[in-house]
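Work out the full structure: start from the sequences and follow the hints.
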Amino acid sequence: MGKKMLEVRDLKTKYITRFHEDVYAVDGVSFSIEEGKSLGIAGESGCGKSTLALSMMGYYFPPLHYISGDIIIDGQNISGMNPDDVRKSILGREIAYIPQAAMNALNPTQRIIRFVEDVIRAHDPKADKKEIRELAEARFAELGLPPTVLNRHAVELSGGMKQRTVIAVSTILNPKVLIADEPSSALDVTSQKMVIKMMRELMEKGYIKSMLFITHELPLLYNVTDDIMVMYAGQIVEKGTAKEMVFDPVHPYSHGLMGSILVPEEGTRGHKLTAIPGTPPNLKRPPKGCRFADRCKYATDECRYYTIPEKSFENDRMYRCLKRVDELKEVYSHE
Amino acid sequence: MSEVVRKDFTNAPLCLSGRGVAKIFGMGNNKTTAVDYVDFDFHEGEFVSIVGESGSGKTTLSKMLLGLLNPSDGEILFQGKPRDISTGRKRKEYWKGIQAIFQDPFSSFNTFQKIDTVLLDCINMRGGRNLPKEKKIEMMTEACSFVNLKFAELTNKYPFELSGGQMQRLMIARIFLLRPKILLADEPTSMVDACSRATILDMLLNLRDETGMTVIFITHDIGLAYYISDTVYIMEHGKFVEFGKADEVIINPKAEYTKRLISDVPKIHEEWDLSTVDLLNA
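Chains as they are written, first to last, in numbering that gives the first Met the number 0: chain A, 0 to 334; chain B, 0 to 281.
For the record, the hints were derived by calculation from the structure and aren't laboratory data.
Hints are all accurate, no fakes.
Restricting the straight-line Cα-Cα distance to at most 27 Å, the calculated cross-link-like pairs of lysine-lysine (BS3-like) are:
hint : chain 1 : residue 1 : chain 2 : residue 2
1    : B       : K266      : A       : K204
2    : B       : K258      : A       : K271
3    : B       : K149      : A       : K283
4    : A       : K2        : A       : K196
5    : B       : K238      : B       : K30
6    : A       : K242      : B       : K266
7    : B       : K149      : A       : K271
8    : A       : K196      : B       : K258
9    : B       : K149      : A       : K296
10   : A       : K328      : B       : K266
11   : B       : K266      : A       : K196
12   : A       : K271      : B       : K266
These numbers come from a predicted model, not from an experiment.
Structural data, given as structure tokens:
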């Protein structure tokens, strides 16, 4: 077993709306990523994937609030830290974050080299400009970005190029964890492939120690990450290796998700897609029992009454359902 | 698991076809050929996909089909006859036969109109203006239940109160009421997540089976095109580089471009080959 780079224990965070209502967007999430591994989070819109990413950075500002739980990065517990300290000592150096619309985050009036200087000087105000440029040029060349990009403005770059630039700049300090929140969903397939290749190179060359990848595109997740966990209504409903999760899902929700995969491969055309009816529950008042019960084909009255614990099975897999694994597989085999 | 029934459309009557259709923007040195003298035949009841990268001319072609842009050259035939949209009245008449669903559900609706108005407009457009109110409500309820929405929950609401997936389904409910000959869907699923995408695709297939309309589906996702369509047209730089039955085109692609598009999509049964990407010369 490798060294744990990121460990999250029973993390709970909430949003407070302007009507002073609490929305429990991340509710008791625990997982860990080992050195050199990548973890993917899947789930539909509004299930708390992005909030989990934000909460994990320890960078809380209203309306997001921390309730309880631990976030441990390479042995250092950052939960409950002052946001200003987090920005100075954690962001960029320990954790790098690529938000959803990262390409639009580049200031159009500045050259790319300025963003690199910004990142480095936020941690070391006395850094030498010339050294920064040398470092940036070497890193960009290594990642397949022409060093001339550094002198350009963001508007001169294409979408895929901008996204790769953002990734290169945000990982310049060799962070231990990279959190990528839908880094490729706004790009076409060819640029998406380039972004993925670049992230893989970052991992292989050891510039980032571990990665957390968030997307709702399951075929992509399957190809990029080692493990996948499926999130639903602020909780993790199933966790396993990428292969197990795609070919042998256990929880009814992940089973439904995997049924909506579209790939251009022979034999995938004949089957009808399985669509999950309904919408996720309102997290202001989460249901008492299983959160998926209202949309689950196999739900019984018990499901709506009991709080569902996380259950582990086989080697290191986890799911959150009242039914046994063999019971569920039995049901799926009859469909 | 239920199977999807595929029919053969090669002998079905023509619904929309184009002969040498081109669109050229700009003049002289700035000339850009967005659509480069293409021919196509879409049959009645066929599910056609037009697949291509960004900038390949898909959307320009779709705008010409809708009559929002005039072709620079060539002609478009609607049900075998040359299309005539020279006056506003004729254009409106044409739009009774062709309708569209766009990419961005959030900007497809008029913010000031309630959902009732949106659906009532469709009934009125089909000549149901003088129907009794109960009948109109019954029709609207039926349309909403077709797309798994409840009309009772939607009435007196505004479209922006819905989620992206729900808005896109409401768009399909509109099409259900209008029953046009052709539906043009321009990337209707690229802004909704994978779960709602499955729902929307299923509904489009049901709609086609129920009303027998031709669906022209524009997308950049070749996996999606493979699942949903009968016929696939692959577009590169304004030209159709390959077309044919979905099975033939996707499983045995002939054009280099099609092969590249397929290799760029992540798959689950085969290894995804990342070595083909040349980062420096991109």
